[in-house]
Amino acid sequence: MNTFGKQCIMFDEGWSIMETGISKLKTILDGNEETSFKSEEYMVLYTNIYNMCVQKPPYEYSQELYDKYQECIKEYIRDRVLPSLGVKHNEFMLRELVKRWSNHKVMVRWLSRFFHYLDRYFVTRRSLPSLKEAGLTCFRDLINQEREGEQIDRALLKNVIDMFVEIGMGSMDYYENDFQDAMLIDTSSYYSRKASNWIVKDSCPDYMLKKVKNELLVVHTNQLLEKEHSGICILLKNDKVDDISRMYRLFHKISKGLEPVANMFKQHVSSEGMVLVQQVEDAVANKAGNAAGAQEQSFVRKVIELHDKYLAYVNNCFLNDTLIHKALKEAFEGFCNKVVAGSSCAELLASYSDDILKKGGSQKLSDEVIEETLEKVVILLAYISEKDLFAEFYRKKLSRRLLFDRSANDDHERFILTKLKQQCGAQFTSKMEGMITDLTLAKENQNHFQEYLSDNPSANPGMDLTVTVLTTGFWPVYKSSDLRLPAEMVKCVEVFKEFYQTKTKSRKLTWIYSLGTCNIKGNFEQKPIELVMGTYQAAVLLLFNDADRLSYSDIKTQLNLADEDLVRLLLSLSCAKYKILNKTPNTRSVSPNDSFEFNSKFTDRMRRIKIPLPSVDEKKKVVEDVEKDRRYNIDASLVRIMKSRKVLGYQQLVMECVEQLSPLFKPDIKLIKKRIEDLITRDYLERDGENPNLFKSTDLDLGWSFMQSGIAKLENILEGIEETQFDGEEYMMLYTTMVLQIDQEREGEQIDRALLKNVIDIFVEIGMESMDYYKNDFQDAMLIDTSAYYSRKASNWIVEDSCPDYMLKCLRKERERVPHYLHSSSEKILVKHVSSEAMVLVQQAEDAAYNKAFVKKMIELHDKYFAYVINCFFSNSLFHMALMEVFEVFCNKVVAGSSTAELLASFCDDMLKKGGSEKLRDEVIEETLDKVIFSNSFPFEVHVKRVVNCI
Amino acid sequence: MNKLGRGQRDKVQQLISITGASEKVAIQALKSSDWQLEGAFDIFYSQPQIKSFADTRHLEELYNRYKDPYADMIMADGITILCSDLQVDPQDIVMLVVSWHMKAATMCEFSKQEFVGGLQSLGIDSLEKLRERIPFMRSELKDEQKFREIYNFAFGWAKEKGQKSLALDTAIGMWQLLFAERQWPLVDHWCQFLQARHNKAISRDTWSQLLEFARTVDPTLSNYDPEGAWPYLIDEFVDYLTENGIFEKGKLSEWSYKH
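As you go down the protein sequences, you meet chains A and B in turn. FYI, our numbering numbers position 439 of the first sequence as 439, with every residue one higher than the one before it. To convert, take the position in the second sequence, counting from 1, and add 1000; that gives our numbering.
Honestly, I wouldn't trust all of these hints.
Here are the simulated PhoX-like cross-link-like pairs (lysine-lysine), alpha carbons at most 20 Å apart as the crow flies [to be verified]:
#1 A:Lys329 with A:Lys358
#2 A:Lys309 with A:Lys358
#3 A:Lys670 with B:Lys1129
#4 B:Lys1164 with A:Lys673
#5 B:Lys1112 with B:Lys1164
#6 A:Lys266 with A:Lys302
#7 A:Lys674 with B:Lys1164
#8 A:Lys674 with B:Lys1200
#9 B:Lys1200 with A:Lys673
Distance windows between CB atoms, simulated [claimed, not checked]:
#10 A:Thr504 with B:Asp1239: 23 to 33 Å
#11 B:Lys1161 with A:Glu690: 41 to 51 Å
#12 A:Val616 with B:Met1075: 30 to 40 Å
#13 A:Val647 with B:Pro1226: 52 to 62 Å
#14 B:Asp1143 with A:Glu690: 10 to 20 Å
#15 B:Arg1138 with A:Thr681: 46 to 56 Å
#16 B:Glu1212 with A:Glu659: 21 to 31 Å
#17 A:Val616 with B:Asn1199: 27 to 37 Å
#18 A:Thr681 with B:Asp1143: 22 to 32 Å
#19 A:Thr681 with B:Ala1105: 51 to 61 Å
#20 A:Val647 with B:Glu1023: 44 to 54 Å
Calculated directly from the structure, the hints in this document are not laboratory data. Glycine is no exception: its CB is placed at the ideal position from the N, C-alpha and C atoms.
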């Protein structure tokens, strides 16, 4: 180069040289010129720059060149890029932009070459942004300008940013190295700056529309959701379905993007729920008294509405996303397990359904609406952990509906039970179903009784008598007091007893007078009035047939009643709306010194009046009962776990116990702990001597003796010798020990089968011909236990034995077991159960054995076990059956997409065709085919025929 | 003795001097072990009926001294006399150790079998020997393993016959006695807590776990695990301590330490 050049190159002069180069570059970029730069041209340009840069000041034009360079790029963008972008829209614009961007990059690259010296020398010295960077910055600035240019439509903006991603795909290096970081930082700071403005200007959904779904969203998610807390809530509140859906679509694409949304959703739903809870609390606190009931009703209704609403969101807007579903569930679980105004939600749900199901409930609804509502109640129940409490309250209400003929519609009763059964299992509803069946049976029984009376006129007690005979176990426990009945009623009882003796001998009747209703005629001076009242009330009134005036203590001794009951009765007769009795002194309360006489002046405009007896608050008792049951359940569960595990750490024991009981209720950890200690004292468990965190099960011969005493008691009850029924604890322990014994026997221990059989016979006998007891109480639970046992054992057995071995083993053992101590009706179900467990294993086998290998193995298996059956089991028909059943099960499975029949056919084909995969002697082939037919004789006749034809 | 050889005689003497057995017992034990000294020791200690041979007479005399006039066992009065003979306070914890050695089933009672058999197994055939042994027995309480055995023995010993649990008053008395031996700063709080909140009998599990608690959980409760398998009552106790501000930030106040 001519460093001692005669004359300096002036800037304009130099630049004009450059401009020719640049304009050429531009035309190349526009695709107009095909020829690229020749090296000479390039050299000229480079030299030019070099010269301009090395000239002594003031002719040193580095700075100017640098600025000019930037300007040049800007100009290019302004003149060429923007207009061409401006005319195009959407996708086309995008394409254009992409094209422009790549052009831009080429240009920057070339220009950088031209100005290479500048870059190397000047830029480093001044630590200015490198040329490349400067060039890219220009592009960025432009976009920033666009952003500022409020005219630019938002869709464009969105596309711009989308484009960057797309550009990035084409040339990641550039994008990542030079642009992305800067762009991101820039963009996000830009958005942060702008965000607040926009939030003011636009509504949130608009904002989101603008937002780009990728990085920006991630960066801003929390900010957006948190800042826009009210925003999202407002969306939910105002039913902005579209916006919510949009939000879902946006957020669900980014990883973990939905989590904050789900959280917000959950919070929102919870807070809505809590508002409802609070409303009831407030209302109850303000009004107190009767209004509370209505408030609680409306609470449940509102909760149902709330659930409807948000479930719809989950389904429609959130496309049933599991995360959101979970959020909904958690939210409802949160406030559904709160105590609302002193009642648990379980109770509220029960009384709400009672209100719907009973005659004259507060709502008048069509059948469909009733069914729909009931279904929703059942759905809500899923959120409630104390399902046992619900069951108990429901049973209580159901029994009132049934016994006092308040049930509006039998179909609805059955409908909700079906729904409950579907959701909570057969055990949950078995008692309730029993109650309904009981009532049908009781009606039949009453008809028989009427026939009996007409056949034996002498026995007729002289008044109408309806008796409802119920099965003890199904119904809530009612107090049966030793009320001394008036003679008239005693006669009734005797007559019915006599009748009942003719039907059955081994059953004992317990009369529950508190549930009775009496119609008696009061001969008042003005007119006779028919009084409808409870048996107790009637018993009090009948005393006044023989005496004009009675003192409190007279009544008490004559009827043999407890004070609390008697006070209640007398209040209802002398101090309430209808004053059938006159009390002296005439006060509003009853005290032991009062005396009473018949109020013959009493009258009413009605001919028939109902004298209500305020019911005692049963809530406390129900809760107590449930708590007691929980203790038995925990005990039984603990014993069962320990029996199968033998040794277990404390934490794990508690965990398993909670898990076992979770479908019914959420046991309190402290309670479990107490029960564990109680079991230790009762010698069911013991603590490990070395490690106090470890528990061991004791050997339960104790349980055995317990069972024997249980049986003795059962027999006594059946004979009518013993008065008391089984209480929950005894029943539970009896059941548990029985299952444990059966488990043990499966393990190969010798147990007294006769004894077990006895117990089961008794179970069946209790349940009379209908077998309901047996089925409900025992069989279901037994089956559940059986399958649990087999799944536990399965893995061991798989290791020890081959799969068919396993199945044979199960089937054989269970079948053998059944006649010994199960009632025959269980046999089929049990066998089915075991097979289904085994099927799972077939599934596993299926993965391993396929096609030919499978068929071959099957034949081998069959050979092997057939030999066993013949040799070891002396061709016993039972084992033949078992083998056959197993293979039937086997062969009916579709293996790797083909039916076994197909596999067999192709196996035969392979065997028979020339050049099949196996080379066998003729005899072997014939033998094999023989076996194919044999092993297949039962299930696939069609295919067998085909095989025969082949041969 | 005369029929024995010299070596045999030496062995008899050795055995007697070590075990304190009578000559007859010693010869018998040696004979049945084929004159092996070590074998004879095994026999002597594992087969009490051998030992019982000679000294039962002494022991029965001793037993009769304390025996209740109306029953074939030593009752409270007899024990009082025994204690004064031994120059020991009946409330002294060492009597628990004595009972432990005798495998006594119930407090304030020794059956003949327990008394005679117990002393035999201790190799004691006179009052003097028993008295001499008392300081040793006291020292046994310092042995952690033995203390644990004695502690667990105390439950069955102190409870009413036929009951599964220990009456609270008795339990508290026993605890105060036992934890006087083995320092546990929380014992007073524990007893106060039981009287205030529990007021029911104590189960065996709670009894034995309390020693574990006292042994392993330090008095500031810093290593107490609320999720652990501690009996319910102990969990409650910890809650009680925290509620009543006996702990502040996991530290036991000075006052509690002094106790």
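Taking the hints in turn, this is what the structure says about them:
1. A:Lys329 with A:Lys358: Violated, at about 30 Å.
2. A:Lys309 with A:Lys358: Judged against 20 Å, a Cα distance of about 27 Å means the pair is violated.
3. A:Lys670 with B:Lys1129: It is violated: about 52 Å lies between the C-alpha atoms, which goes past 20 Å.
4. B:Lys1164 with A:Lys673: Status holds; Cα separation ~19 Å.
5. B:Lys1112 with B:Lys1164: At roughly 25 Å apart (the allowed maximum being 20 Å), lysine 1164 (chain B) and lysine 1112 (chain B) break the hint.
6. A:Lys266 with A:Lys302: holds (17 Å)
7. A:Lys674 with B:Lys1164: holds (16 Å)
8. A:Lys674 with B:Lys1200: OK: lysine 674 (chain A) and lysine 1200 (chain B) at ~14 Å, within 20 Å.
9. B:Lys1200 with A:Lys673: OK: lysine 1200 (chain B) and lysine 673 (chain A) at ~17 Å, within 20 Å.
10. A:Thr504 with B:Asp1239: 23 to 33 Å: violated (55 Å)
11. B:Lys1161 with A:Glu690: 41 to 51 Å: violated (30 Å)
12. A:Val616 with B:Met1075: 30 to 40 Å: violated (53 Å)
13. A:Val647 with B:Pro1226: 52 to 62 Å: For proline 1226 (chain B) against valine 647 (chain A), whose Cβ atoms are near 24 Å apart, the range 52 to 62 Å is violated.
14. B:Asp1143 with A:Glu690: 10 to 20 Å: holds (18 Å)
15. B:Arg1138 with A:Thr681: 46 to 56 Å: With a Cβ separation near 33 Å, arginine 1138 (chain B) and threonine 681 (chain A) fall outside 46 to 56 Å, so the hint is violated.
16. B:Glu1212 with A:Glu659: 21 to 31 Å: Holds - the Cβ-Cβ distance for glutamate 1212 (chain B) and glutamate 659 (chain A), about 28 Å, lies within 21 to 31 Å.
17. A:Val616 with B:Asn1199: 27 to 37 Å: At 30 Å between Cβs, range holds.
18. A:Thr681 with B:Asp1143: 22 to 32 Å: holds (29 Å)
19. A:Thr681 with B:Ala1105: 51 to 61 Å: About 19 Å separates the Cβ atoms of threonine 681 (chain A) and alanine 1105 (chain B), which means 51 to 61 Å is violated.
20. A:Val647 with B:Glu1023: 44 to 54 Å: Since the Cβ atoms of valine 647 (chain A) and glutamate 1023 (chain B) sit about 51 Å apart, the hinted range of 44 to 54 Å holds.
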